[in-house]
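**Student:** Chain by chain, the residues:
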Amino acid sequence: MATVGESRVTYDARGLAEPDAEAPRIAEIDGEKAVFDAKELSTRQINLELRRVLYESGVTDVTVLNPGAKHSLGVGILTRCRITFGGSLGYFGLGLIDGPEVHVKGRVGWSACENMMSGVVVIDSNAGSLTGAAIRGGDLVVKGKVGARTGIDQKGGTIIVLGDAGSMTGFMMQRGRMIICGDVGHGLGDSMYEGTIYVAGKVKSLGIDCVPGEWTDADTELVERKFRIYGLGSPPELQKFVCGKQLYNYDTLEPSERKLVI
Amino acid sequence: MCGIAGIIYRDGTHDVGVEMTRMLQSMKHRGPDSTGYALYGATADGGYVMRYKLADANDRRGFEFAERLERCRLEVEARLGELGAQISSAERETEYAFRLAFRFEGDLKSVADYVEDVPNCEVLSLGRSLEIVKDLGDAESVATQYHLADFVGTHAIGHVRMATESDVDISGAHPYWAYPFSDVAVVHNGQLTNYWQWKRRLERAGHRFQSMCDSEIIAVYLAEKMSGGASLEDAMHDSLDDLDGVFTYIAVSADALGVAKDEMAAKPLVLYEGDDLVALASEEIAIRAIIDREIETYDPYEREVLVWQR
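Line order of the protein sequences matches chains X and A. The first sequence: position 237 = 236 (numbering that gives the first Met the number 0), numbered continuously. The second sequence: position 44 = 43 (numbering that gives the first Met the number 0), numbered continuously.
Check before you lean on any hint, since a few could be wrong.
[What the hints assert, rightly or not] With a cut-off of at most 20 angstroms between alpha-carbon atoms, the simulated DMTMM-like pairs for lysine to aspartate or glutamate come out as follows:
#, chain 1, residue 1, chain 2, residue 2
1, X, 201, X, 213
2, X, 203, A, 303
3, A, 27, X, 11
4, X, 154, X, 193
5, X, 142, A, 293
6, X, 104, A, 293
7, X, 38, A, 295
8, X, 38, A, 293
9, X, 203, A, 262
10, X, 239, X, 123
11, A, 27, A, 137
12, X, 142, A, 295
[As the list claims (entries may be wrong)] Ranges of calculated distance between the beta carbons of each label pair, as one might list FRET restraints:
#, chain 1, residue 1, chain 2, residue 2, range
13, A, 193, X, 224, 25 to 31 angstroms
14, A, 90, X, 135, 58 to 64 angstroms
15, A, 254, X, 217, 52 to 58 angstroms
[Unchecked claim] A partial selection of chain A residues facing chain X, derived with a Cβ cut-off under 7 angstroms:
#, residue
16, 86
17, 90
18, 91
19, 264
20, 293
21, 300
22, 301
Just so you know, these hints were derived from the structure itself, not from any lab. Glycine included, each C-beta is placed from N, C-alpha and C at the ideal position.
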């Protein structure tokens, strides 16, 4: 068995890790629920087992115990389901997902939920840099603090952070919403095209073309609704930041939307 | 990409050799070229420990290679004797790497300079408790070669290297000793863009460089600052303004361990602060390799310097 930290991971000529690995088939399945312990499994084995129970066994609610901060767990799950990780994930956790409701009872490393399309991810603790990079939809809730470049290239969805965020938060943001309840570092919203960033704490500095926005009733409704859905209590007083549109003036319509307009 | 790691216990001595090996081995994918350790053991009884090498792992073995190494080894010990050092133990760690313990009253720079005048000699570390071990290969192979499973100490840092701009050899491997400052070492993940400016500046100040690796600058820079009276923490704060590029580095002294991140926070570091120890690494899996339970970790922010004293 290949495990993190030991020299037994095999690679093929394409550089694929553990090309011959198979799902370990260890999950205890009870109707639509399943649980398995990932402590002794490699990244590939965990992901194969996750896929097996979700796609082949009729399971819609799976719990993964002892993920051990391994990288790239839960990536590319494209079905409506509920996943609970009983601990922390490493880098690139939950990337490219489309549909799942995920609860991480720990922390996630760099690039959590990169390119997430839809679904909900709730992280109980902190997350690293590049959290929610390029997400296109869904809700990502981090109850701790996050690192630098959170929501870089965000194209949709909502990122909620109860703690602080690092520098260049919302860098090149293109759409969607971000709610930061703590302080943020330098360069907030640098080079953003569209989207809205709400910040409760101090902003070290605004990035290029990021400007304060006018608060509307729609903002209040959105923030209160999101906090209500995730049981986060009363939202703090927030400042709104948007794109000043002095730097770039790109067409913000999706191709399908442009066809409708034309 | 490289991987860096550090561990410091708040009290007592522990198996830091084994623990650092586990941390570095779990990040082998970040740097397969070489692995290095800076380990702090029990303070030598009024004396110093010096680690040095007389050749590189991948040097071409010509005629009389072994004889040349032996001649150089004897010359190193003779030169220490000339300077008034009293050698208490001399160990050959590998074919080309050695460990000497000795008593000495005087200027460490003169020791390092005179010893390094022996052909192909490089002092890897010199201090009361610091021992730098580095070689080609992954952590397990280096630890086995240098018997690090037996190393008991108070704190340690380590590095797995993916060479980008300088050679794959021991001189290019981290950690770097802060020549000629006793007991200070550095590991670095990143790239310094004002390397040449600082190298010329520090060479004019009398410092020597053993490699073409930009990371060596940080160690020597800190040594220059500390020899001027700055604390490790102050020197690290100054480095945020003076060093240009992307970097996360860990620096250690005989009683402290610190980390510094550049203003873009472009290189990763995950940090765990427990009641008994502080552990930090480029990836959390390295910390989890020695702490087998759920823990609270976080990423330090940009322009942050954090130092823990023992």
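**Student:** Take the hints in turn and mark each one as holding or not.
**Tutor:** Now for the hints, and whether the structure bears them out:
1. X:201 with X:213: Distance ~18 angstroms between residue 201 of chain X and residue 213 of chain X Cα, so the pair holds.
2. X:203 with A:303: Holds, at about 14 angstroms.
3. A:27 with X:11: Holds. Residue 27 of chain A to residue 11 of chain X sits at ~18 angstroms (cutoff 20 angstroms).
4. X:154 with X:193: 9 angstroms, holds
5. X:142 with A:293: At roughly 16 angstroms apart (the allowed maximum being 20 angstroms), residue 293 of chain A and residue 142 of chain X satisfy the hint.
6. X:104 with A:293: Cα-Cα ~9 angstroms, so holds.
7. X:38 with A:295: 18 angstroms, holds
8. X:38 with A:293: Holds, because 12 angstroms separates the two Cα atoms, which is no more than 20 angstroms.
9. X:203 with A:262: 13 angstroms, holds
10. X:239 with X:123: 25 angstroms, violated
11. A:27 with A:137: 6 angstroms, holds
12. X:142 with A:295: 13 angstroms, holds
13. A:193 with X:224: 25 to 31 angstroms: Violated - the Cβ-Cβ distance for residue 193 of chain A and residue 224 of chain X, about 50 angstroms, lies outside 25 to 31 angstroms.
14. A:90 with X:135: 58 to 64 angstroms: For residue 135 of chain X against residue 90 of chain A, whose Cβ atoms are near 60 angstroms apart, the range 58 to 64 angstroms holds.
15. A:254 with X:217: 52 to 58 angstroms: 57 angstroms, holds
16. 86: Result: violated, 38 angstroms to nearest chain X Cβ.
17. 90: 28 angstroms, violated
18. 91: Residue 91 of chain A check fails; min Cβ-Cβ to chain X is 27 angstroms, beyond 7 angstroms.
19. 264: 4 angstroms, holds
20. 293: At about 5 angstroms, which falls below the 7 angstroms cut-off, the nearest Cβ of chain X leaves the hint on residue 293 of chain A intact, so it holds.
21. 300: With a minimum Cβ separation of about 5 angstroms from chain X (threshold 7 angstroms), the hint on residue 300 of chain A holds.
22. 301: At about 5 angstroms, which falls below the 7 angstroms cut-off, the nearest Cβ of chain X leaves the hint on residue 301 of chain A intact, so it holds.
This entry does not satisfy hints 10, 13, 16, 17, 18, going by the numbered hints stated previously.
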